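Peer 1: Residue-level listing of the chains:
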Amino acid sequence: MKRLIIVAVFLGIALNLPAQDFEVTIRRMTPEGLSSNQKFPLIAENADGEKLYIYRGSDRKSHYYYKKDGDWTSGGIIPGSPTYDDYWFSDIVVDSTGAFHYVSEDADAALYYGYFQDGAWAAMRKVLIRHEATLGLAVRSDDTIVLGSAFKTQSPKGVTKDVIIGFKPKLAATFANFMNITRDHESSTMVDVAVDSKDNSWVVYKGGFVQGNTETMQAVLVVLDKANKEIYWKNVSGEPYPAFCWYPTIALNAEGQAMVSWMMSQKRYYFSRFYDPATEKWAEVTQITTGPLRPWPTMYNKVISAGSDFYWVGVDTDRMVMLYKYDPEDNTWTYLAKLSSVAANWCSAYVNAENLYVSWDAIAQPTVCYLTTVSNIFPPPPIKVQSVSNLVVERKFERSFFSGYHFNVLTWEANPVNTEEGIIISAHHVYRRERTADATQWTQISVLAADVYTFQDNNVPAGSDYVYAVTCVDSNANESPIEEPTGQASKTTPLPRPKSPSIPSPVDK
Amino acid sequence: MKKRPGLTNPMKSTAKTLLFVLLTFPFFSAASLMAGQEEAPAPEEKPSQTRFRLGAYFEGWTLNDKNLTSFFGHSQRNPGGFEASVHTMFNIDVWVSYRKYSDETKTPVYGNTDKFAMSGTSIGLIYRPIVWKILEPFIGAGAEFYSYQETIEGQTQLRPTTGNASGLHAQAGVYINATKFLSGKLFVRLNRVKEALEQALPDGPSELDLGGKEFGVGLIFRF
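Protein chains in written order, with our numbering: chain E, 85 to 593; chain S, 102 to 324.
Note that these hints are calculated values from the structure, not bench results. All values reported here derive from a predicted model rather than from experimental measurement. Don't take every hint at face value.
Unchecked claim - Distance condition first, Cα-Cα at most 30 Å in a straight line; then the derived BS3-like pairs of lysine-lysine:
{"id": "1", "chain 1": "E", "residue 1": "210", "chain 2": "E", "residue 2": "254"}
{"id": "2", "chain 1": "E", "residue 1": "351", "chain 2": "E", "residue 2": "282"}
{"id": "3", "chain 1": "E", "residue 1": "318", "chain 2": "E", "residue 2": "282"}
{"id": "4", "chain 1": "E", "residue 1": "468", "chain 2": "E", "residue 2": "386"}
{"id": "5", "chain 1": "E", "residue 1": "151", "chain 2": "E", "residue 2": "254"}
{"id": "6", "chain 1": "E", "residue 1": "351", "chain 2": "E", "residue 2": "310"}
{"id": "7", "chain 1": "E", "residue 1": "480", "chain 2": "S", "residue 2": "167"}
{"id": "8", "chain 1": "E", "residue 1": "480", "chain 2": "S", "residue 2": "216"}
{"id": "9", "chain 1": "E", "residue 1": "480", "chain 2": "S", "residue 2": "207"}
Claimed, not checked - Each pair of labels, with its calculated beta carbon distance range:
{"id": "10", "chain 1": "E", "residue 1": "563", "chain 2": "S", "residue 2": "201", "range": "57 to 67 Å"}
{"id": "11", "chain 1": "S", "residue 1": "224", "chain 2": "E", "residue 2": "519", "range": "35 to 45 Å"}
{"id": "12", "chain 1": "S", "residue 1": "168", "chain 2": "E", "residue 2": "520", "range": "27 to 37 Å"}
{"id": "13", "chain 1": "E", "residue 1": "520", "chain 2": "S", "residue 2": "224", "range": "30 to 40 Å"}
{"id": "14", "chain 1": "E", "residue 1": "519", "chain 2": "S", "residue 2": "168", "range": "28 to 38 Å"}
{"id": "15", "chain 1": "S", "residue 1": "205", "chain 2": "E", "residue 2": "524", "range": "23 to 33 Å"}
{"id": "16", "chain 1": "E", "residue 1": "473", "chain 2": "S", "residue 2": "307", "range": "54 to 64 Å"}
Each residue gets a CB set at the ideal place from its N, CA and C atoms; glycine is no exception.
For reference, chain S alone in the conformation it holds in the complex (with noise of 0.2 Å):
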């Protein structure tokens, strides 16, 4: 029996990924700090406190909508992403993140390329409730704004769809400092994202549920 690409491969390698990022980064960080003590003993040095944080991420993106995910044939996705955020006041963090969900599939009769992309925007705020040296568990809620398109390639009577969404957010993670200026960072994010389309879908449904999960790590540039 095949296994369907996409279904599970994706999700299998993304847990690989997260696995070793888990499973290496405390060593590198651990050695990291170590080497640092051996410069500069400071028992008492408090956590630094930067104001700014730039970074990168790669995750796995599950929708909820299980018409799209099926009509495109994948449960899930593996983008990368951006983020930003400043620090404001009492460990809370204004926090700005972008990545970019795509699929593609062939059109059932003609096998035209059918292709969706949708631009996420987050907008939150993050709170530190606890702002170790070396860990800096997070919680956070926000908004999300969804840009998405529908288009396809060659000659066909189908027409390309555009449409915008917005919706909710509450994530979940940690920074892991490896070093002043430079930390990883796991998360989980929950989003709520639903659209009320105007015409019904092929399928029946006339709202299309966007929302979904969001899991992944990242590489942070603190200062």
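So that you can see chain E by itself, here it is in the shape it has in the complex (with noise of 0.2 Å):
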């Protein structure tokens, strides 16, 4: 009987709804019949394709399934997991080494973080902090792990509620450094956090606000730079409904916008707002949801994006976890799809290039665990065109006797991904730097017919050690992304006497 669970279990349950140009798959991941809970599942995948999916188990532990190839095997317990008295929130990432970051907590008591790569966990560890609730993790380009969490401290006021990140650098055993990052110090929990491509910290939280004897909660957003220092900070909710807000989560796109979401508890109805830091306007609150008031509460929602667009999900009206998808031109969301099969109370999600997932948990007790899957939702991304291929510099000296002049020869081949492609290239960008400037100081130099695969860099003075990079304009003006040069080689030295020309003819004109 025990091996025919399993085996139903792990053939899970699949159930596709039709009339969408994208596939929905849900599979129950977690045994049914079970005296106790299984609750708030998490999933997380890495470029290699290898899936995490975690859960609270009915014995109060951090259980998870792994998948690398094939199908899903259980591991059981994470090495090291607590036996939690209060489990609630929870988050993973995964770095760019592909290994995955999980921290979860016991409310009101701690957080414990643990390690997994390479389908090995390193033993769950207590997080120095004391903990509140609720928790966002996020990723820096250095693979810092940044942590938003919540913490309880004793104030004149009495017990209060901080919001506070910490770090943890990337070969560093757990988070450190840890910094209250709140203003108004009254009940501020509900984190979540996300890093845009210049590794600033854009935090969110349920932040108190307190007029009069009138408190309320509003979704506040905080962005501090690289150096941890408070660059922007916005009451993000409360202009137009000065209510009760829950839950609030933060996506950024692949342009550095910002969606934020949050369920406001009087109108039981998920909001979200959009801000452009470009121009930085902030788009009106809009309302996600448009369902029936519901009974309160659950407020499990998340916003996530995907390439320039955002998508939203979380537990609608009637408890059942919902698709939408964000339109920027009128600032409205659009339901997509349905993604659960059952009423549930618990839900997040994970991108990656391809597909959506989407863990939950039902409602109905003893509760388990589902992983949906949403194929082909995100369109593909557009062909980008790829800078040249095997740019090759020669350093040259040409000299007479009492002159001469240093001058590079840059030789480059087409990439044949663009070729592959179709992509028309139109010319061809040459930029340049000194070798120990910081990366973003290159200059461009000269703009090339897209048939040249030649130049020279006649204006090298002594002395001078760059290093080069050609990109690609396609037909539509789109350029291709610098590329930081590797194996360019160093100063030419020593100084060349005459022997044979290497060229036999000259170039300068």
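Now that you have both chains on their own, put them together as the hints suggest.
Peer 2: Structural data, given as structure tokens:
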């Protein structure tokens, strides 16, 4: 019987919802028939296609499933997992090496951190803060993990809840350097974090605002730069609806635009607000879900981004996990699909380049956990023009007896990706910077025709050490990214003596 | 192992030439004098003291500047030259000379022809302490005036360079009188000519050492 249950679990329950361009597959992940609840599942996938599914088991410990090749396998209890008294929130991220970082909470007590790579766990360890509730993780470009959390502190006003962020550098074993980013020091909890391309940390949380004897909870956004200095602060939700906002989440899209979502308790709907840093303008607060008033509570929702688009996943009015997509033209959300087959309590989402994964648990007790995969939902990313291939820089020195000049000869080849994709190249742009200069300090030194595959830089002072990049511009004026040079040789030394000429005819005009 | 052309052959050919002249000139001189003696014996005849000497010579010329000689690939060049002198008093002559050093190579990248030429003008005094009938050894000293230029042929960013330099010389040698009007000449000359450059050479130094050694053989007409 037990074997039959396990087989049933791992075979899963597939439910395909037609009439969509995309495909929705729902799979039950945890066994049915247990006496206690299995709850709060998370899902993540790394670039190698390894998937990790974590949930709080019926024994109140962290459990996981792992999928590398083939089907899911149960890993059982995560080593070092505590027995949670009050497990609630958790989060998971993947760094550039494909390692998974998992943080879970024992609410009002402690945070725990676990690390998973190549199919093995480093034992979970306690993070040394007095945790309160909710947390969020994000990854910086150097694989520093940013943790947003909340903790209780004793103040003259009594016990308050503040939002803090902490950091785990790439090789560190756990989080440290915690800093309180809360302004109001009044019941601030429910944190989510995102990191932009400049490694700025965008932190949203539920902040308490007191006016007279009235306290409201608002979605607050704080942006910290890479040095963790506050560079932006905004009460996102409070302007049109002074009300209680719960569980704010944040996502940044490929253009660096931000979307904040939250649940408003009085309205019992989910709301969002879009922000474009380029124009520094916030859109009006907009309602995501439009169903009838629903019973209190569930507030679990998650805004996510894929390319330039924003999606929202949340437990909606009929307790189903719903999927919406944002339309920036008119600042509205469009319903896309129902992602749960039964009434749900909790949900979380994870996006890779092709699929949207939503982990959720059923509301009927004893609860079981599910995984919904939404395939073919994201439009294929536009084929982007690539920079040239095999850029070679030859450093030369032409001289007479009394004088001479350095010059660098660049040669390159067409990028086969551009050729294969049929991308029409209209020009080549040549960039140069000193080798030791900051990687952003490129200077464009020439614009060449698309059929030119060599360039001679004659403006090379003695002692300079330039590196080069050559980009391609397509027929739509899209330019390929500047690629950091690799393997370009250093200075030309020593000065050459005359020998047989290496280039038979002069190029200089 | 290939020998580098230009480094040893000029020296060898110059040495051969000088050796030939040294071996053959006394023979011709003695024969000529013997012929003269048969015609007009004069046991107490004094050596002639002509006033003017005009001549041409062939020499080996080495420059001290290693950067220059290694760049152009030749440690020695073998130019011809002209000289003139006039006797003043006490066996002292005022002496002038002109010759031209030239070399060329290819630029390292594009192979343009790179030509270096240097005109050398000398002016000084020569003292002939002993005037024998056949041999007149001499020593001398004076000033050197050089004018040099480097030109690169073809299309190039490299610009031509010109310059002047001056210095001193000291020399020694011997006139070998063949006839009353014709002499041979052997000489060695040491030059000290340095030029400070406004712009350092690509090799690094900012001084040009155009001094060096000259040694050669000449034919002098006296009158």
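Peer 1: Hints first: check each against the structure and report whether it holds.
Peer 2: Hint by hint, here is what the structure shows:
1. Between the alpha carbons of residue 210 of chain E and residue 254 of chain E the distance comes to roughly 18 Å, so the proposed pair stays at or under 30 Å and holds.
2. With a CA separation close to 36 Å, the supplied pair residue 351 of chain E and residue 282 of chain E exceeds the 30 Å bound.
3. Using a Cα cut-off of 30 Å, the hinted pair residue 318 of chain E and residue 282 of chain E holds, with the two alpha carbons roughly 19 Å apart.
4. Our distance criterion of 30 Å between C-alpha atoms is met by residue 468 of chain E and residue 386 of chain E, whose separation comes to about 29 Å.
5. Taking the CA atoms of residue 151 of chain E and residue 254 of chain E, the gap is about 24 Å. The hint holds against a cut of 30 Å.
6. Annotation: proposed proximity of residue 351 of chain E to residue 310 of chain E is violated, straight-line Cα distance about 37 Å (limit 30 Å).
7. This hinted pair checks out: residue 480 of chain E and residue 167 of chain S have alpha carbons roughly 23 Å apart, not beyond 30 Å.
8. Between residue 480 of chain E and residue 216 of chain S, the direct Cα distance comes to roughly 21 Å. Compliance with the 30 Å bound is thereby established for this hinted pair.
9. With a C-alpha separation of about 15 Å, the suggested pairing of residue 480 of chain E with residue 207 of chain S holds against the 30 Å cut-off.
10. At roughly 59 Å, the beta carbons of residue 563 of chain E and residue 201 of chain S sit within the given window of 57 to 67 Å.
11. Between residue 224 of chain S and residue 519 of chain E the CB atoms are about 55 Å apart, so this pair departs from the stated range of 35 to 45 Å.
12. The given range of 27 to 37 Å is respected by residue 168 of chain S and residue 520 of chain E, whose C-beta atoms sit roughly 31 Å from each other.
13. Residue 520 of chain E and residue 224 of chain S have their C-beta atoms about 56 Å apart, which leaves the hinted 30 to 40 Å range violated.
14. Remark: the range hint 28 to 38 Å for residue 519 of chain E to residue 168 of chain S is upheld by a beta-carbon distance near 30 Å.
15. The beta-carbon spacing between residue 205 of chain S and residue 524 of chain E, approximately 48 Å, falls outside the hinted interval of 23 to 33 Å.
16. Take residue 473 of chain E and residue 307 of chain S: their Cβ atoms lie about 44 Å apart, and the range 54 to 64 Å is violated.
Hint check: violations occur at hints 2, 6, 11, 13, 15 and 16; the rest are consistent with the structure.
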